[in-house]
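Enquirer: In the order they appear, the protein sequences are chains A and B. Take 1 as the starting number for the first sequence in the numbering used here and just add one per residue. Take 1 as the starting number for the second sequence in the numbering used here and just add one per residue.
Hints may be right or wrong, so weigh each one.
[Unchecked claim] Not everything, but these chain B residues come out facing chain A in the computed CB check (under 10 Å): (1) Thr44; (2) Leu63; (3) Trp75; (4) Ile102; (5) Phe109; (6) Val177; (7) Val179; (8) Ala182; (9) Leu185; (10) Asn312; (11) Pro314.
Hints in this document: simulated from the structure, not taken from any laboratory. We put the beta carbon where it would ideally sit given N, CA and C, even for glycine.
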Amino acid sequence: MSNAQIEAARVGTFDLSDPATPNYPDPPPIQTIGASHVDQEDPAVREAQAKRLIWVWEAPKGWKYWSAVNNTEVGVWYTSTAFIFMLFAGVLGLMVRVQLAVPDNDFLTANFYNQVYTLHGTVMMFLFAVPIFEAMAIILLPEMLGARDLPFPRLSAFGYWCFLIGGVFVCGSIFFSSAPASGWFMYPPLTTQERFTPGYGADIWLLGLSFIEVASIAAAVELIVGSLKCRPPGMRLNMMPLYTWYVLVVAGMILFAFPPLIAGDILFEMERLFNWPFFDPERGGDPMLWQHLFWIFGHPEVYIVFLPAIALLAMIVPTFARRPIVGYSWIVLAAVGTGFLSFGLWVHHMFATGLPAISLGFFSAASEAVAIPTGVQIFVFLATLLVGRVIFSVPMLFVSGALAIFVIGGLTGVMVALAPFDWQAHDTYFVVGHLHYVLIGGMLFPIVAGLYYWWPILAGRTLSDRLGKIAFWMMFVGFNVGFFPMHFSGMMGMPRRVWTYPAGLGLDLPNLVSTIGAFVFAAGFLVVVADILRPRGHLPLAKRNHWNAGTLEWLSEPEDKGWGVRSIPIITSRYPIWDQPNFIDDVDNGRFYLPDAEELKRETIVTSVLDAKPLQVLRVPGPTFMTMWAAGFLGAVFIFATFHWWYLTIAAMVLATGAILTWVWRGTAVIPEKHEKDVGRGLSLPLYVSGPQAVGWWAMFITMVGDGTAFLSLVFGYFFYVTIHAEFPPPGIEGPGLFWPLAALAVFALAWGLAFAARSLNKAGSVTSARLAMAAGGLAALLAGAFVLLGPHTTGLDPVTHVYPATVWILAIWAAVHAAVGALMLFYCLARSLFGHLTPLYDADIQNVALYWHFMLGTAFVTVATIAFTPLAT
Amino acid sequence: MPQGRLRRNGPAAGSPPRHHAPRRSPVLRAFSLAGLLALLSACTGPQSTLTGAGSEAAQVETLFWVMLVGAVLIWVFTIGLSIYATRVHPERHSEKTGTRLILWGGVAFPVVVLTALLVYGLKLMPEFRAEANGPTIAVSGERFWFRVAYGVEGEPGVVKSLPPGGVESANEIWLPVGVRSAILLGSPDVVHSFWVPSIAGKMDMIPGRVNRLVIEPVKEGVYNGVCTEFCGDAHGQMGFRVVVVSPGDYEAYVAAQSQPAAVTSGPGFEAFMENGCDACHAVRGTEADGSVGPDLTHLGSRLTIAAGILDNTPENLVRFISATEHVKQGVEMPAYGMVPNEEIAAIAAWLEQLK
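Make the full structure from the sequences, and use the hints.
Expert: Dropping the structure here:
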């Protein structure tokens with residue numbers, strides 16, 4: 001702690017430039033007496049507390065509103081944006097239906113039809129289905145956990161801006177008729193070779209979506225740390241609301257599912273931009289690798305979309321059954337089981353690619369097996385409804401509709417999971433019907449149910465019952481009329497992704513009926529939209545806890561106060577509002593923790609992972625435009641790269657790095673004015689922790705798990721090529737040799753040792769030695785990065801000639817880029833130390849960087865072992 | 001309501017699985033004959049999976065009906081239960097009932113049913129993949145048509161591209177009935193997929209790989225084949241015909257196809273050469289030896305032109321040559337609209353003579 005800060009703490013003045021204090025006018029007076037020592041029953045005390053909390057948590061006003069980072073604002077932006085993208089993609093879907101309404105139609109040209117259907121699928125999956133989960137979780141998760149915010153609000157805001165920029169870029173392309181036109185699965189070589197797909201469409205798809213994937217992973221990190229570390233005291237893992245369990249499972253799945261796609265995207269874009277032949281069989285590549293990487297992502301993706309919607313049902317059903325869920329452990333196990341199994345199913349998208357029968361049998365079995373945990377989840381709901389005393393309502397109507405539709409999708413899923421049947425059904429309208437039943441029943445209907453259910457806590461007023469019922473019946477009937485005949489069209493031999501079909505094959509009538517149904521369905525959804533948009537300021541506010549639910553989000557008051565909860569409760573039940581006596585009153589009167597924002601800082605409580613013991617008061621940063629800048633510059637990197645404007649790309653990259661560093665420098669690991677804080681009820685908690693207790697350490701750990709998964713996907717690619725080639729490296733091509741790779745590994749180990757030493761020395765108080773270690777470590781990291789590139793460089797590996805040099809280069813570049821990032825981190829710590837932001841006591845930065853270096857060493861070792869030693873084995 | 005339709009025809013699939021019966025059994029016919037016939041007449045067709053023109057398609061069809069009946073029953077039970085619990089009897093039941101429901105409905109029942117289904121389904125696979133006892137035919141998926149070569153030699157696995165040689169044709173595959181023919185599948189450009197719904201399941205055609213599909217047609221007739229992997233703008237119009245004939249007719253057909261062109265001179269042929277058609281197309285017996293596009297040696301004998309999308313008539317041929325892009329968007333063959341009409345007519349007339 002610097003002298004100035006010690007002085008500030010002593011005299012009780014506080015630094016209002018702290019990122020946790022919003023830069024608003026007229027701050028209310030601060031409070032110097034701890035929460036345990038005030039009379040909480042005194043209304044004047046409570047009023048002063050409330051005033052401070054409101055001031056601190058308020059959203060910025062005017063144009064600065066867009067600098068907000070709080071989960072309420074960001075969550076609402078995120079959700080609305082995802083819905084707007086969904087409506088856009090819905091219009092594209094209707095265009096598809098118009099084109100297919102009659103045989104030999106020419107409403108759209110073949111090429112434009114291909115753009116339309118590609119964008120329909122892409123937008124629905126990447127800009128609606130996954131983001132809507134993140135968006136709703138950003139709103140709901142802190143509310144359900146009685147937290148004031150998620151642990152990294154600025155990361156959420158950054159993710160949102162990435163999502164918006166990337167989404168507009170991808171969607172906008174169709175207005176210039178240069179949208180991707182090769183399906184959302186983008187199979188090479190169709191998509192990688194300029195002669196088949198000229199123009200920017202495929203690049204827009206790849207780079208735009210890679211950018212959005214960054215946002216998804218950011219959200220996953222946020223949500224995992226949020227579920228694990230921001231629960232209210234007493235809420236042990238086995239007391240978490242089911243929604244939180246699902247968020248945890250799904251965010252974990254994103255962490256392992258998206259990186260293989262990112263790895264695939266890298267290989268893909270290297271082929272498109274620089275002609276590296278990863279998927280070109282003429283030069284040793286193989287289009288099948290993309291299919292594997294894509295579906296290793298693509299199948300879990302289905303469950304990433306479906307499970308969060310089931311989570312909504314898991315919250316809605318108990319409320320209307322008027323009792324706790326029946327089989328809590330069953331459904332949790334089923335959710336976790338589904339998550340795991342979903343990674344073992346990807347080959348069922350590739351049954352027709354000519355894989356060996358043994359693989360087909362295995363993946364058929366695994367695909368059937370996933371029906372079991374799915375069935376358990378459905379039956380948990382049925383059991384809860386049966387055991388409870390059910391009250392029917394509009395949300396329940398949508399829940400029932402969801403079940404009726406999803407079960408059909410599940411049953412056709414069981415059918416297509418069987419390889420012999422899939423050989424017929426694959427890539428036909430049967431599958432189009434199947435996937436829409438799964439996604440509409442397993443995602444859209446639950447989300448609409450969730451909208452009707454949670455609307456009172458979002459907007460303070462209810463949506464219309466009457467319009468809800470009209471919307472439901474239009475959507476339900478329209479959907480079934482529209483999509484059921486597709487199964488029939490498929491059995492009649494109609495392939496997917498055809499822009500037209502001939503008359504006389506029995507396809508005319510089912511297609512016409514499908515089109516009519518699709519329009520009725522869309523009209524039904526418009527009723528929902530109209531209900532949401534119609535002005536209702538004149539209507540009375542909904543009563544608090546409108547549906548008499550039992551979970552914490554219903555503490556929210558119809559007149560939103562922005563603070564989340566008035567005080568952070570102690571939890572002893574899964575449904576505290578139902579079970580804990582006098583609960584709402586105690587929360588409202590600030591009788592639990594953190595009833596005040598004494599120092600005018602945004603704070604929430606961090607607890608331990610398993611049993612939710614309070615560990616820390618986490619100060620979360622407030623509004624800033626820096627996240628928007630960072631997202632803007634990063635977006636510019638991807639957009640400029642799409643059009644091959646390399647100088648601009650590099651300039652944007654520098655600016656993005658600068659913006660991110662500024663954001664991190666100002667907003668993270670801020671040294672508090674005092675070490676501990678009284679949170680009430682006689683409990684004092686530290687304001688700053690580092691290492692495994694800290695949320696930042698967890699975020700680094702989780703990010704690096706995702707990063708490691710992407711790296712291992714690239715390694716998987718390398719060994720995939722080993723297995724398909726008789727000789728790898730091919731005859732006549734030399735590997736990167738042993739000298740430079742081994743030298744690189746040695747220097748990597750040295751840098752790792754120095755990072756580790758810097759952490760220990762700093763902790764032990766040897767600040768100067770620690771600084772030296774940071775500087776030396778950073779230099780060693782740069783050297784190691786250079787050495788790992790020198791291997792393939794000195795042996796003259798040319799990545800354009802064959803896939804072997806290309807894969808060696810890609811692994812070496814990956815390691816070198818990570819070395820550069822590792823060096824930047826060490827230099828950052830050095831600067832933090834020099835400027836007094838990193839001290840022996842307050843050492844979160846170097847703790848997190850040392851953690852990064854553990855992963856870095858692993859990456860270096862695997863890289864060198866792969867590129868240097870596998871050539872020796874062959 | 002779609003469910004209503006399913007239920008009405010449900011009993012159709014109630015018969016036990018029959019692994020070796022390509023046709024529906026009498027037991028099955030006894031059930032709701034009228035409804036069944038009505039549906040089946042709508043279901044069969046040259047491109048339908050329910051036509052039963054191949055041993056594989058017929059067995060998968062039986063599998064489909066079995067699964068369909070099972071699915072309808074499960075759906076009715078599940079949704080019935082949810083309606084019962086929410087609308088008919090919303091009052092409380094015991095918690096024990098609930099737990100039992102999860103255990104029996106969510107775990108035990110699916111385990112048993114899925115295991116049985118898996119055994120049934122997977123047992124079909126080795127049968128479908130049994131060795132061929134008939135001809136080997138190479139089919140190459142190319143943007144946006146199918147190159148066909150009868151009687152090639154060589155095996156996939158070792159080679160990375162289709163074996164050369166054989167009697168070349170395009171967009172039409174003749175097969176002997178009752179014989180297991182081996183189809184070798186490859187592609188020189190992008191991924192395509194080979195599917196004749198009435199005869200058997202599909203298999204992809206992947207650049208750099210050769211896949212092998214064994215199919216056994218059991219009914220003579222003409223069936224549609226289509227590309228089922230998205231391959232570019234004309235993907236939707238990339239098809240072919242399968243003509244299933246007696247083994248004797250098959251031999252005669254291949255022998256005829258192996259002959260050089262019947263007419264190798266005349267104004268049509270001259271116009272063909274003058275306009276450079278031979279850069280892409282071969283007509284055996286003449287100096288036209290292009291290999292980019294379909295071999296036209298016996299074009300006149302084919303049922304369709306432009307990869308299965310137009311009947312093979314002189315008018316259609318003229319239309320296609322003069323306005324390819326209009327007839328088939330995304331096609332690789334340039335339009336020859338600038339060639340005088342009479343020359344195009346002469347070319348078409350000549351090609352139609354090439355039986």
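Enquirer: Against this structure, judge whether each hint is valid.
Expert: Outcome of the hint check:
Annotation: interface hint on Thr44(B) holds; nearest CB of chain A at approximately 8 Å, less than 10 Å. For Leu63(B), the interface hint holds, since its Cβ comes within 10 Å of a Cβ in chain A; the closest pair sits about 6 Å apart. For the restraint placing Trp75(B) at the interface with chain A, the shortest Cβ-Cβ distance is roughly 6 Å, inside the 10 Å limit, so the hint holds. The closest approach between the C-beta of Ile102(B) and any C-beta of chain A is roughly 5 Å, which is under the 10 Å cut-off, so the hint is satisfied.
Below 10 Å, beta-carbon pairs count as interface contacts, and Phe109(B) has one with chain A at about 8 Å; its hint therefore holds. Violation of the interface hint for Val177(B) is found here, the shortest Cβ-Cβ separation to chain A being roughly 20 Å, above the 10 Å cut-off. Using the Cβ-Cβ criterion of 10 Å, the hint placing Val179(B) at the interface with chain A is not satisfied: the shortest such distance is roughly 20 Å. Residue-level restraint check for Ala182(B) is violated (minimum Cβ-Cβ distance to chain A is 13 Å; threshold 10 Å).
With its C-beta approaching chain A no nearer than about 8 Å, Leu185(B) sits inside the 10 Å limit, and its interface hint holds. The closest approach between the C-beta of Asn312(B) and any C-beta of chain A is roughly 15 Å, which is over the 10 Å cut-off, so the hint fails. This hint is violated: Pro314(B) has a C-beta 20 Å from the nearest C-beta of chain A, more than the 10 Å allowed.
Violated hints, in rising order: 6, 7, 8, 10 and 11; the structure is consistent with all others.
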